[in-house]
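Engineer: Sequence:
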Amino acid sequence: MLLAGLISGSAAAATPPTVAVFPLELYDTSGEGPRPDQERRLRMLDAELLARLAESARYAPVAAQLPEGTPEIRNCNRCDVKAAARLGASFALSGVVHKISSLILTLTLVLREVPSGEARHVWRADFRGNTDESWQHALSWMLRHRVLAAPEPVP
4 MLLAGLISGS AAAATPPTVA VFPLELYDTS GEGPRPDQER RLRMLDAELL ARLAESARYA
64 PVAAQLPEGT PEIRNCNRCD VKAAARLGAS FALSGVVHKI SSLILTLTLV LREVPSGEAR
124 HVWRADFRGN TDESWQHALS WMLRHRVLAA PEPVP
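Under my numbering, read the sequence shown as residues 4 to 158, first letter to last.
Derived by calculation from the structure, the hints in this document are not laboratory data.
All C-beta atoms, glycine included, are put in the ideal place defined by N, C-alpha and C.
Honestly, I wouldn't trust all of these hints.
Simulated restraints on C-beta separations [said to hold, decoys possible]: (1) Asp129 with Gly72: 31 to 39 Å; (2) Leu151 with Arg77: 18 to 26 Å; (3) Ser33 with Gly91: 34 to 42 Å; (4) Ala63 with Val125: 19 to 27 Å; (5) Arg38 with Ser143: 18 to 26 Å; (6) Glu42 with Thr18: 30 to 38 Å; (7) His140 with Ala66: 16 to 24 Å; (8) His124 with Gly36: 26 to 34 Å; (9) Pro37 with Cys79: 31 to 39 Å; (10) Ile103 with Thr18: 36 to 44 Å; (11) Ser33 with Leu151: 25 to 33 Å.
Starting from the given sequences, assemble the full structure and let the hints guide the process.
Structural biologist: Have a look at this one:
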């Protein structure tokens, strides 16, 4: 009986929860206006986030999109959770880069449970510099020290 429990327990542990990963958004309060390089950086981080989550085998990430015309995730009353539910995901992962100035930025990721919408984790990392390297470093640090270091979520 103990062996049967170990086998079923390890089989359950081998199936990571599905996470609907939404494109990162930019919240720019710097007054500098939109820049194409920042949009490119967001998409670069999206690709890295999906790849690193998949490599970890801790999550089964699925690239997700909101329906056309939906407001930003931070303003849409948990529309990400509803979209994640339609994909059959256990969690919704969304994020925002808040650009305060060209020097001061913050990356925030939120992992919400589906269907309740309860925030299971909120991770933040302040970073300096509006460059490819600083954005990549912020995400890499957050994944290494927060997202993949946090206790595993239970679907």
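Engineer: If a hint holds in the structure, say so; if it does not, say that too.
Structural biologist: Each hint tested on the structure:
Checked against the hint of 31 to 39 Å, the C-beta distance between Asp129 and Gly72 comes to roughly 32 Å, which is consistent with it. Range check, Leu151 to Arg77: about 24 Å between beta-carbon atoms, so the 18 to 26 Å window is met. Checked against the hint of 34 to 42 Å, the C-beta distance between Ser33 and Gly91 comes to roughly 38 Å, which is consistent with it. Distance hint for Ala63 and Val125: a CB-CB separation of about 21 Å, consistent with the stated range 19 to 27 Å.
For the hinted restraint 18 to 26 Å between Arg38 and Ser143, the CB-CB distance of approximately 22 Å keeps it satisfied. A C-beta distance of roughly 35 Å is found between Glu42 and Thr18, which places it inside the suggested range of 30 to 38 Å. A hinted range of 16 to 24 Å for the beta carbons of His140 and Ala66 is consistent with their spacing of about 23 Å. The hint said 26 to 34 Å for the Cβ distance between His124 and Gly36, and at roughly 32 Å that hint holds.
Taking 31 to 39 Å as the suggested C-beta distance range, the pair Pro37 and Cys79 does not conform, at roughly 20 Å. Under the hint 36 to 44 Å, the C-beta atoms of Ile103 and Thr18, about 40 Å apart, fit the expected range. One distance hint, 25 to 33 Å for the beta-carbon pair Ser33 and Leu151, holds here, with the actual separation near 30 Å.
The structure fails hint 9 only (numbered hints given earlier).
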